[in-house]
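Enquirer: Chain Y is already provided as a structure; the job is to place chain X on it using the hints.
Those protein sequences? They're chains Y and X, same order as listed. Quick note: the first sequence uses this note's numbering, first residue 1, plus one each step. Quick note: the second sequence uses this note's numbering, first residue 1, plus one each step.
Since the hints were made in silico from the structure, they are not lab data. The structure presented is a predicted model; accordingly, all values stated were derived computationally and were not measured. Where hints are given, some of them may not hold.
The list that follows gives simulated cross-link-like pairs (lysine-lysine, DSBU-like), each with its CA atoms no further than 35 angstroms apart [said to hold, decoys possible]:
(1) X:Lys223 - Y:Lys416
(2) Y:Lys416 - Y:Lys373
(3) Y:Lys373 - X:Lys223
Some chain Y residues well away from chain X (every beta-carbon gap over 12 angstroms; in silico) [claimed, not checked]:
(4) Pro110
(5) Tyr125
(6) Ala140
(7) Gly298
Backbone N, C-alpha and C define an ideal beta-carbon position, used for all residues, glycine too.
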Amino acid sequence: MTTPLLRIDGLTKAYPGVVANDDVSFSIGRGAVHALLGENGAGKSTLVKMVYGLVRPDSGAMTFEGKPFAPNNPQEARASGIAMVFQHFSLFEALDVAENVALGMENPPPMRALAARIREVSETYGLPLTPERLVGDLSAGERQRVEIIRCLLQDPQLLIMDEPTSVLTPQEVEILFETLRKLQSEGTSILYISHKLEEIRALCDSATILRLGKVVGSADPKTTSAGELAAMMVGQELKVPTARDHTLGDVALEIKDLSVASPGAFGTSLRNVSLSLRKGEVLGIGGVAGNGQDELLGALSGEIRAPAASILLEGDRIGQLGPVARRGLGLLAAPEERLGHAAAPGMSLIENGALSGWLRRDLVSRKLVDWKKARTFAEEIIETFDVRTPGPGVAARALSGGNLQKFVVGREILQKPDVFIVNQPTWGVDASAAAAIRQALLDLAAKGAAVLVISQDLDELMEISTSFAALNEGRLSPVRSAEGLTVEEIGLMMGGAHGMEVAHV
Amino acid sequence: MIRLEQRAAPSRVWAYLTPLVAVLATMVAGGALFAALGTDPVAAIRTIFWDPVFGEFAFYYRGQLLVKAGPLILIAVGLALGFKAGIWNIGAEGQYIIGAICGAAVGLAFYPMEARWLIFPLMVVAGALGGFLWAMIPGVLRTKFNTNEILVSLLLVYVAEQILAWMALGPLRNPEGAGFPGSRNLRQYESAANNELIAGSGMHWGVVAAFVAVIFAYILLSKHLTGFHIRLTGESPRAARFAGVNPTRLVLFCLGVSGALAGLAGLFEVAGPSGQISIDFNVGYGFTAIIVAFLGRLHPVGILLAGLLMALTYIGGEAAQATLGLPAAAIQAFQGMLLFFLLGFDVLTNFRVRFGRRAMV
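Bound conformation, chain Y alone:
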């Protein structure tokens, strides 16, 4: 057990504009469960793709079982004894379990033999699964078992699991953990990727923490507290705001015990979310992507209808109102997805300006759109927010992400909202434009608007928020003042130390 199974030495991978992995080194021992921990975009996926042969590193080296290891493709990685279970499954719903497993194999045995093998492996590792069932009828957890069994049939030395619990129910998580422990006891190493701290503490022996593509630390998760892990993941250099001169007005928006089901199959439903937002306040909502951010924005913009009394605007019940009615009352929103949600890709900036702006900017009279006025509005957004475009007649999809972001945020701000909800306001925007957008949000609040910013960029939230809360699995942590907030506290709010659903086995 002296030589590690896999050793990674100085791996670097750069994509245009971003260094996904910068000089990453660590090693995994035989029979160890090693966690790769980091926020979204920290570089975890790129790293494992290099190990699995999907991406080739720019520099650096790997050794596997003491031999140099540089897989050109996943087949080579598999041949060396590495298997991977992806976050998104690649299964055919119309085929049964055994057929799906056979599809992933280089030389599949006859169906009956394979079915027997599947049954055997599924019994050995406590993964209940019937080979004859159609994948289309299986739950997410059962589908994952298909993928795991597909990997186990190769007898891997190293099993990579990318965010395996994101689609599982708590019971399924428990079963999965049992299986992984059993594998570990038989000497299989596991590289476990997650951002869920409690899971990692329950399962892993060692952890490497990535932030912005770099290794920022390693820890023994069994002895390190979730707060400490979060602090490493989030970064120590987080600037916490000093006392800001803010005079808060009356409550503008109140959410009371809001629960809505997610419209999407893989979405996160909101559960008993409550908060109140005052005039002049900037409430930052943090949390890892996919924990109910889209749903919260949808419920507030009016795209998802909620019980009338669960959302109050200036004391009026608006939960049942649609987006247009809410705009009329001064509640505006800017969704995260610019193309295809905030803006229609094939339509011009003039049309996209009118998309949400027609009511408050008076672009429609007697049901007819005044396209001249709409053009003036689009030009005003372009001018005020420095949107780089040949002209307002250009289709939205021709703009760069950052420029379109400036356009869609600017479109809402220029409508003078009383309450403004924005999801990921500066995602993919360059530093100077991001600063301009943040300043615009602060100015809006200074003029007395209530602003709710949903973001995964904690630095950003700390820079502009007066108060802070975090979404986790569709639940909102208690809101607290951003002043004096410590990194550890933020980590706990994000990691969901409240009502943690993963079983502590």
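Expert: The following block gives chain X in isolation, referenced to the frame of chain Y:
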């Protein structure tokens, strides 16, 4: 190696050019088809495209042009509204039949009363209402139960055909028709007839309605908020929801309008060129209008031109059958090619063709 590269913005030139290129390609491929059947391709193409307008018997064919183009345009304009929003009413043929039955039934109910000022307008309303209600079936099923409007509207065509046969043989049969199937001839009933407005021109109220529909659809799509929402929904349903478009209302609106227009087309046809409800009253206008809508790029003015072009291939096709002895199936294949080529060349609007290999990034 040939690759397709998406354009940042759709090419305007190609957007206007593709219908022309498609027509030309159809002529070439169709010519080859006719040649393979042993007919002189040049003569065949000339018979289809040239003779009906400029040939010896053009005086007869020109009137037919509007008679055929009218219902095609009227139906296609309605369908285009839905198609633009991604709502697929494939059952215009059924709505056309039901509109004709409802309109004709109202007219026949008044027979032999003489009151054109009352009866004809009532028939128009009944025709539109019939088509509207028939289209509401897929509309309501989709909005309430999330059924597929393509299937429901299409299958309702066959139901409508059965109702048509029943009507022609039963309730609406001409009591003085010596037992033959088919209703009284509405053209011989002054108060209900939709006759030519100018003799020999082919212009009847249905053609007028088609022109009016083109103008209204143009204004709706380019200026009206609802038209904007229709286009927005087609471009990006999620952005439309964010904008505040109510999908249920939009589905019902688009299906309702296209159904009502198809019903109107049926009424004008039954009271005019066809004259009576008969078992074989419908001749496929509702299906051909789908081709017309796409050939006209879902644009009202384009549909106007496409409707005329399609009517031309119909008339020319019939002429080619009569004079050159081409089989009817060949003419249908020819019309199908038109849509096929149009959709094929459509790719050029949004994609650029690149030749040769480029280094993989």
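Enquirer: Next, verify each hint and record whether it holds.
Expert: To see whether the hints hold, each was checked on the structure:
For the hint pairing lysine 223 of chain X with lysine 416 of chain Y, the CA-to-CA distance comes to about 26 angstroms; that is within 35 angstroms, so the pair holds. Pair hint lysine 416 of chain Y plus lysine 373 of chain Y holds up; C-alpha atoms about 17 angstroms apart against a cutoff of 35 angstroms. With a CA separation close to 12 angstroms, the supplied pair lysine 373 of chain Y and lysine 223 of chain X stays within the 35 angstroms bound. The Cβ of proline 110 of chain Y sits about 38 angstroms from the closest Cβ of chain X, beyond the 12 angstroms cut-off, so the non-interface label holds.
Distance check on tyrosine 125 of chain Y: its Cβ is at least 39 angstroms (rounded) from any Cβ of chain X, clearing the 12 angstroms threshold; non-interface status holds. For alanine 140 of chain Y, the shortest C-beta to C-beta distance to chain X comes to about 22 angstroms, beyond the 12 angstroms cut-off, and the non-interface label holds. Under the 12 angstroms C-beta cut-off, the non-interface status given to glycine 298 of chain Y relative to chain X is violated; the minimum distance is some 9 angstroms.
Of the hints listed earlier, the one the structure fails to meet is number 7.
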